[in-house]
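The chain contents come next:
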Amino acid sequence: MNPVQRKLSAVVAGVVLLLLAAVPVLAHHAFASEFDAKKPVKFKGTVTKMEWINPHAWIHVSVKKPDGTIEEWMVEAGTPNTLLRRGLTKDSLKAGTEIVVDGYQSKDGSLRANGRDLTLPNGQTLFLGGNSPGAPGEDKSKK
Amino acid sequence: MSHRFSSLMGILALAIAVVSLTAIAGQAPTTPAKKAPAVTKAPAPAKAPGAAKASARKWAAPKTPWGDPDLQGVWNDATSTPLQRPSELGGKDTLTDEEAAGFEEQLAFNLTRDRRDGGADADVNRAYNDHWMDARRLKITEDKRTSLIVDPADGRIPPQVPLSPERQKARAERAAANTRFNAGLPERVEDLSLPVRCIIRTDSPPYLPTIYNNDFHIFQSPGYVVIVPEMIHSARVIPLDGRPHLSKGLRQWLGDTRGHFEGNTLVIETTNFRGDDGVTFQGTNPSTFTITERFTRVDPGSINYEFTVADPTTWTKPWTAIVPWNKIDPDEQMYEYACHEDNYDLVHLMSGARTREKKGETK
Chain L
1 MNPVQRKLSA
11 VVAGVVLLLL
21 AAVPVLAHHA
31 FASEFDAKKP
41 VKFKGTVTKM
51 EWINPHAWIH
61 VSVKKPDGTI
71 EEWMVEAGTP
81 NTLLRRGLTK
91 DSLKAGTEIV
101 VDGYQSKDGS
111 LRANGRDLTL
121 PNGQTLFLGG
131 NSPGAPGEDK
141 SKK
Chain Z
144 MSHRFSSLMG
154 ILALAIAVVS
164 LTAIAGQAPT
174 TPAKKAPAVT
184 KAPAPAKAPG
194 AAKASARKWA
204 APKTPWGDPD
214 LQGVWNDATS
224 TPLQRPSELG
234 GKDTLTDEEA
244 AGFEEQLAFN
254 LTRDRRDGGA
264 DADVNRAYND
274 HWMDARRLKI
284 TEDKRTSLIV
294 DPADGRIPPQ
304 VPLSPERQKA
314 RAERAAANTR
324 FNAGLPERVE
334 DLSLPVRCII
344 RTDSPPYLPT
354 IYNNDFHIFQ
364 SPGYVVIVPE
374 MIHSARVIPL
384 DGRPHLSKGL
394 RQWLGDTRGH
404 FEGNTLVIET
414 TNFRGDDGVT
424 FQGTNPSTFT
434 ITERFTRVDP
444 GSINYEFTVA
454 DPTTWTKPWT
464 AIVPWNKIDP
474 DEQMYEYACH
484 EDNYDLVHLM
494 SGARTREKKG
504 ETK
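If you read the sequences in order, they're chains L and Z. The first sequence maps to residues 1 to 143 in my numbering. The second sequence maps to residues 144 to 506 in my numbering.
You may find that some hints are simply not true.
In silico lysine-lysine, DSS-like type, Cα no more than 27 Å apart, as pairs [unchecked claim]:
| id | chain 1 | residue 1 | chain 2 | residue 2 |
| --- | --- | --- | --- | --- |
| 1 | L | 107 | L | 65 |
| 2 | L | 90 | L | 44 |
| 3 | L | 39 | L | 107 |
| 4 | L | 64 | L | 49 |
| 5 | L | 7 | Z | 287 |
| 6 | L | 49 | L | 65 |
| 7 | Z | 235 | L | 7 |
| 8 | Z | 502 | L | 107 |
| 9 | Z | 287 | Z | 470 |
| 10 | L | 90 | L | 7 |
| 11 | L | 64 | L | 107 |
| 12 | Z | 470 | L | 90 |
| 13 | L | 7 | Z | 282 |
| 14 | L | 65 | L | 44 |
| 15 | L | 107 | Z | 501 |
| 16 | Z | 312 | Z | 391 |
Examples of chain L residues lying across from chain Z (beta carbon under 7 Å, computed) [what the hints assert, rightly or not]:
| id | residue |
| --- | --- |
| 17 | 84 |
| 18 | 85 |
| 19 | 100 |
Okay, the calculated beta carbon distance ranges per label pair [unchecked claim]:
| id | chain 1 | residue 1 | chain 2 | residue 2 | range |
| --- | --- | --- | --- | --- | --- |
| 20 | Z | 380 | L | 111 | 40 to 46 Å |
| 21 | L | 14 | Z | 405 | 40 to 46 Å |
| 22 | L | 96 | Z | 404 | 51 to 57 Å |
| 23 | Z | 367 | L | 96 | 44 to 50 Å |
No lab work stands behind these hints: they were computed from the structure. A virtual CB, placed ideally from N, CA and C, is assigned to each residue, including glycine.
Using the sequences and the hints, build the whole thing.
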């Protein structure tokens, strides 16, 4: 069941499918080449800095463990312009901001993660959808 | 300290993606397309997107202080309109409003991270790739064309001419190098493509949209136009003073470009491409391949980018595509692309291949 697709006439749907088939497959890096889908991570931490590097932006997060020790994590994000188009600005993740990271750890076990979702203390979720007309969360991701 | 963590396999995957994009975009028919209408002239200007609305608004294209048409700014060419029209669509060159809306919705649905079907691997891959997606990439051109190609009228790359034995051999060698690379067993660093080696990517003309980083910064000074693509790091400096092209012996990754203005249109012609690595646009012959590109501001927010590529030793006739370039939002800026920063992947890839060989892995 496709919850997004409107009901299209058979003729329209046929044209749409043909044109979709002509659009090149969109892929960047294979997730599995760097991150491990079997290592989901979720942690709360404090942003120490954000690197606006093209094409790999990185969010540095300081995480306090239950035993009081500190882990320094790096969370990968998309390209600066992709982030900007989603409403993320240099003011969104200032040092000291508390965030919850929901993602997957790198395969080599280092303290790096792909951030599927980042949640701010006020509940605002960053990176949520927003890439498609009508996708859930599109407007919520804008600041 | 800044670190980059583009892993060995990440770069491999990127290369595959880039190669596959190129391959898909570059699949020219080897036999004449059925019902391809004969086209004897370049598309009429009225075909250009934005041309009609420009005249309707009676908008005057701006000039630089020294009187040239002013093309300056940062522009973005992202679109999901495919280069070639699916053959099955025949002469249908534009979509209806309903078809266009359906296409955009379905494409967005296919790619969105908010889909959760297909199992964990598909889910995380979609979510991961969604990070990189330029949302503008999901939009079809404003004029709802079914192909970026506007000439020939069937929207498809013209049939190829038979290749010489030498070029067939060169293509086979390039394909073998790609196979070795994709297997993780490159024999020499040249087995890695130009994009993987951070030499050229989508900055090589003609410009076509890709998954992300679709910005182009144009700036001008008296006698010159400079185009700086977001990906990866070249500045294409175009002299306008009518000087001749470089001698045929001097060949460059981005070719040799000369320009002039025709009315409000910047017309640039490029030749002298390198081909010694076997990589040229659509597998063309660098000795005979030429590009003519036309840039016309059609309203305050957009440029009409039209290119015609010709190579009589590759295609039976030249072909032309039109890609709209839209001005980026005021709060955006173009970021330098850090392709090589801390990038040791070439060394890793080569040493990894030697390690695999020692373990007895074969191609």
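Results of checking the hints against the structure:
Taking the CA atoms of residue 107 of chain L and residue 65 of chain L, the gap is near 21 Å; set against the 27 Å cutoff, the hint holds. Proposed proximity of residue 90 of chain L and residue 44 of chain L is supported: the alpha carbons are some 20 Å apart, at most 27 Å. Using a Cα cut-off of 27 Å, the hinted pair residue 39 of chain L and residue 107 of chain L holds, with the two alpha carbons roughly 8 Å apart. About 16 Å separates the Cα atoms of residue 64 of chain L and residue 49 of chain L, which keeps this hinted pair within 27 Å; it holds.
For the proposed pair residue 7 of chain L and residue 287 of chain Z, the alpha carbon gap of about 20 Å is at most 27 Å, so the pair holds. Taken as a hint, the residue 49 of chain L and residue 65 of chain L pair is honoured in the structure, with Cα atoms around 19 Å apart against an allowance of 27 Å. Among the hinted pairs, residue 235 of chain Z with residue 7 of chain L is consistent with the structure: their alpha-carbon atoms are about 22 Å apart, no more than 27 Å. Among the hinted pairs, residue 502 of chain Z with residue 107 of chain L is consistent with the structure: their alpha-carbon atoms are about 22 Å apart, no more than 27 Å.
Taken as a hint, the residue 287 of chain Z and residue 470 of chain Z pair is honoured in the structure, with Cα atoms around 19 Å apart against an allowance of 27 Å. Our distance criterion of 27 Å between C-alpha atoms is broken by residue 90 of chain L and residue 7 of chain L, whose separation comes to about 41 Å. Between residue 64 of chain L and residue 107 of chain L, the direct Cα distance comes to roughly 22 Å. Compliance with the 27 Å bound is thereby established for this hinted pair. Annotation: proposed proximity of residue 470 of chain Z to residue 90 of chain L holds, straight-line Cα distance about 21 Å (limit 27 Å).
Under the criterion of a C-alpha separation no larger than 27 Å, the hint pairing residue 7 of chain L with residue 282 of chain Z is consistent with the structure, at around 20 Å. For the given pair, residue 65 of chain L sits about 10 Å from residue 44 of chain L by alpha-carbon distance, which is consistent with the 27 Å threshold. With a C-alpha separation of about 24 Å, the suggested pairing of residue 107 of chain L with residue 501 of chain Z holds against the 27 Å cut-off. At roughly 23 Å between alpha-carbon atoms, residue 312 of chain Z and residue 391 of chain Z fall within 27 Å of each other, so this suggested pair holds.
Nearest Cβ of chain Z to the Cβ of residue 84 of chain L: about 5 Å, under the 7 Å cut. The hint holds. Residue-level restraint check for residue 85 of chain L holds (minimum Cβ-Cβ distance to chain Z is 5 Å; threshold 7 Å). Because the smallest distance between the Cβ of residue 100 of chain L and any Cβ of chain Z comes to about 16 Å, over 7 Å, the interface hint for this residue is violated. At about 44 Å, the beta-carbon gap between residue 380 of chain Z and residue 111 of chain L stays in the expected band of 40 to 46 Å.
The supplied range of 40 to 46 Å is met by residue 14 of chain L and residue 405 of chain Z, whose beta-carbon atoms lie about 41 Å from each other. The hint said 51 to 57 Å for the Cβ distance between residue 96 of chain L and residue 404 of chain Z, and at roughly 52 Å that hint holds. At roughly 46 Å, the beta carbons of residue 367 of chain Z and residue 96 of chain L sit within the given window of 44 to 50 Å.
In terms of the numbered hints stated before, the structure departs from hints 10, 19, listed from lowest to highest.
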